[in-house]
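Take the sequence shown: its position 225, counted from the start at 1, is 225 in my numbering, and no numbers get skipped.
Keep in mind that the hints are not guaranteed to be accurate.
[Claimed, not checked] Okay, the calculated beta carbon distance ranges per label pair:
1. 276 with 417: 20 to 26 Å
2. 163 with 318: 49 to 55 Å
3. 117 with 296: 35 to 41 Å
4. 374 with 416: 54 to 60 Å
5. 258 with 228: 38 to 44 Å
[Stated by the list, open to error] Taking lysine-lysine and the DSSO-like style, the derived pairs with C-alpha atoms no more than 30 Å apart in a straight line are:
6. 197 with 331
7. 493 with 424
8. 374 with 424
Worth flagging that the hints you see were computed from the coordinates, not collected in a lab.
All C-beta atoms, glycine included, are put in the ideal place defined by N, C-alpha and C.
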Amino acid sequence: MPLTKAVAALLLSCCLSAGAAGAADLRIALADDPDALDPVSNSAQTGITVLNTMCERLMTTDPQLNVVPSLAESWSWSEDGLALTLNLVRDASFQDGTPFDSAAVKRNIERAMVPGTQRYSDVSSISAIETPDPHTVVIRVSEPAAQLVGKLAERIGIILSPAALDREGDNIGRAPVCIGPYKFVSRVAQDNLVLEKDPEYRLADQFAFDRIIFRIIPDDSVRFANLQSGDVDLAEKIDPAMYETIEGDEGLDLIQSSAPNNQALMFNLANEGPLQDVRVRRALELSLDRQAIVDVAFAGRYLAANQFVDPGSPFYNADHPIPPRDVEAAKALLAEAGHTAPVPLRILVPNRTLPVRVAEMLQLMSSEAGFDTKLDVVDFATTLQLTADGDFESWGPIGPQFANDLDTLVQPVLHSTGGRNVGKYDNPDLDAVLDDTRSATDPEARKALFQKAAAIVAADVPLIYLYHQAPIFGFRSDLEGLHLTGDGFLELKGVTLGS
Numbered sequence: 001m002p003l004t005k006a007v008a009a010l011l012l013s014c015c016l017s018a019g020a021a022g023a024a025d026l027r028i029a030l031a032d033d034p035d036a037l038d039p040v041s042n043s044a045q046t047g048i049t050v051l052n053t054m055c056e057r058l059m060t061t062d063p064q065l066n067v068v069p070s071l072a073e074s075w076s077w078s079e080d081g082l083a084l085t086l087n088l089v090r091d092a093s094f095q096d097g098t099p100f101d102s103a104a105v106k107r108n109i110e111r112a113m114v115p116g117t118q119r120y121s122d123v124s125s126i127s128a129i130e131t132p133d134p135h136t137v138v139i140r141v142s143e144p145a146a147q148l149v150g151k152l153a154e155r156i157g158i159i160l161s162p163a164a165l166d167r168e169g170d171n172i173g174r175a176p177v178c179i180g181p182y183k184f185v186s187r188v189a190q191d192n193l194v195l196e197k198d199p200e201y202r203l204a205d206q207f208a209f210d211r212i213i214f215r216i217i218p219d220d221s222v223r224f225a226n227l228q229s230g231d232v233d234l235a236e237k238i239d240p241a242m243y244e245t246i247e248g249d250e251g252l253d254l255i256q257s258s259a260p261n262n263q264a265l266m267f268n269l270a271n272e273g274p275l276q277d278v279r280v281r282r283a284l285e286l287s288l289d290r291q292a293i294v295d296v297a298f299a300g301r302y303l304a305a306n307q308f309v310d311p312g313s314p315f316y317n318a319d320h321p322i323p324p325r326d327v328e329a330a331k332a333l334l335a336e337a338g339h340t341a342p343v344p345l346r347i348l349v350p351n352r353t354l355p356v357r358v359a360e361m362l363q364l365m366s367s368e369a370g371f372d373t374k375l376d377v378v379d380f381a382t383t384l385q386l387t388a389d390g391d392f393e394s395w396g397p398i399g400p401q402f403a404n405d406l407d408t409l410v411q412p413v414l415h416s417t418g419g420r421n422v423g424k425y426d427n428p429d430l431d432a433v434l435d436d437t438r439s440a441t442d443p444e445a446r447k448a449l450f451q452k453a454a455a456i457v458a459a460d461v462p463l464i465y466l467y468h469q470a471p472i473f474g475f476r477s478d479l480e481g482l483h484l485t486g487d488g489f490l491e492l493k494g495v496t497l498g499s
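Using the sequences and the hints given, assemble the complete structure.
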């Protein structure tokens, strides 16, 4: 008989209180309830955080964002750049005992090759996958694919058990089975998710914890209070205003991600309304003071943004700097577009402290330029459903928080075929440029193409980039060896916790 959420939560809290938790448990506080734990359909950062804790990928990234081996022990491109050969490890098996082989890799990647899936744009350049032997995979592409190796170090590189896929099909995300140190045990929606160590994992001796307990705590202040009290050992998405508090507490420490990311206000361009006019979108952008948002909402610890990369990136287009706030120019654009103030605007906002704080500043600033801005604040899972259904006008702040390649920040969100293009933006000129970034093998040519893409986005304003995060993880100071992968995920290999 299934446990109710309340009963399960009570049992968990009784068993895992600060005094009762086993020494080999690691308790992690997440800001949002993860969505589907399926690499093909996952879109929420917390979902991939859990999957990354459970699962190896074909490749991974080191702290310098170099792609390094994991389940693929080596790889090489053909001379013409149209075939990528992966050599797989020989001593791996899935958490259900199913052997790991090339057929499993082929099946998992082909799941993503179905148009309409979240990962389709990641693998759209693949024309065929061959398995000449159990330990070799040959991926053929229709044209050179500069992004592909990086994609295999992201969600696409998580390989699920073929036996579990046979059994669960598209419901695999409810209880995934992969290759990695921790296997799925249980989940209570909006409350907790429990993993336990897989003793048969080939690298099990490098992971100290018997269980990983994720607790869902959306309120930033409550999440931080749980860290301070010792009810959790590690917490994600710490409010930057707490930075100095952590530094002044001998019992706590922090680590910040420097992985490429961005946060934006996204527009639904498939709906009727004022935002269909680019002049209205430009007016909204001119009403905003991005630096003030960073200073007030994040204690100045994030970077103001107006492109998919930050101004310090070599891919940044310096010909399109952050526009200064100009309320009068914004009002003039609204008048030119035929609108009389107040112009209605609704923003869908995830119900967490920091996004709401930003949204309230957007509301105040835009109102001074003639917008009547209303905030629809709901839980994060609901925002995902509403945006997937197209039932929103604008959504934010939202955006990819972890990436190992610039392609991940742009293609899925802005290409017309992108799996996360919930705004239905469709610009053939931008599509062509983004397609060219994938086939460009010369780094300088690729950089020039991304800068050209940035110019198109700046002119069209299909979304408004707001800031680049430096996400903070707070943790107990006796949690030793903790570090992040280059794309910003927790790495628990070699991590230990004091008594």
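A quick look at each hint next to the structure:
no.	hint	verdict
1	276 with 417: 20 to 26 Å	holds (21 Å)
2	163 with 318: 49 to 55 Å	holds (53 Å)
3	117 with 296: 35 to 41 Å	holds (39 Å)
4	374 with 416: 54 to 60 Å	violated (29 Å)
5	258 with 228: 38 to 44 Å	violated (25 Å)
6	197 with 331	violated (59 Å)
7	493 with 424	violated (40 Å)
8	374 with 424	holds (22 Å)
Hints 4, 5, 6 and 7, counting from the list given before, are not met by this structure.
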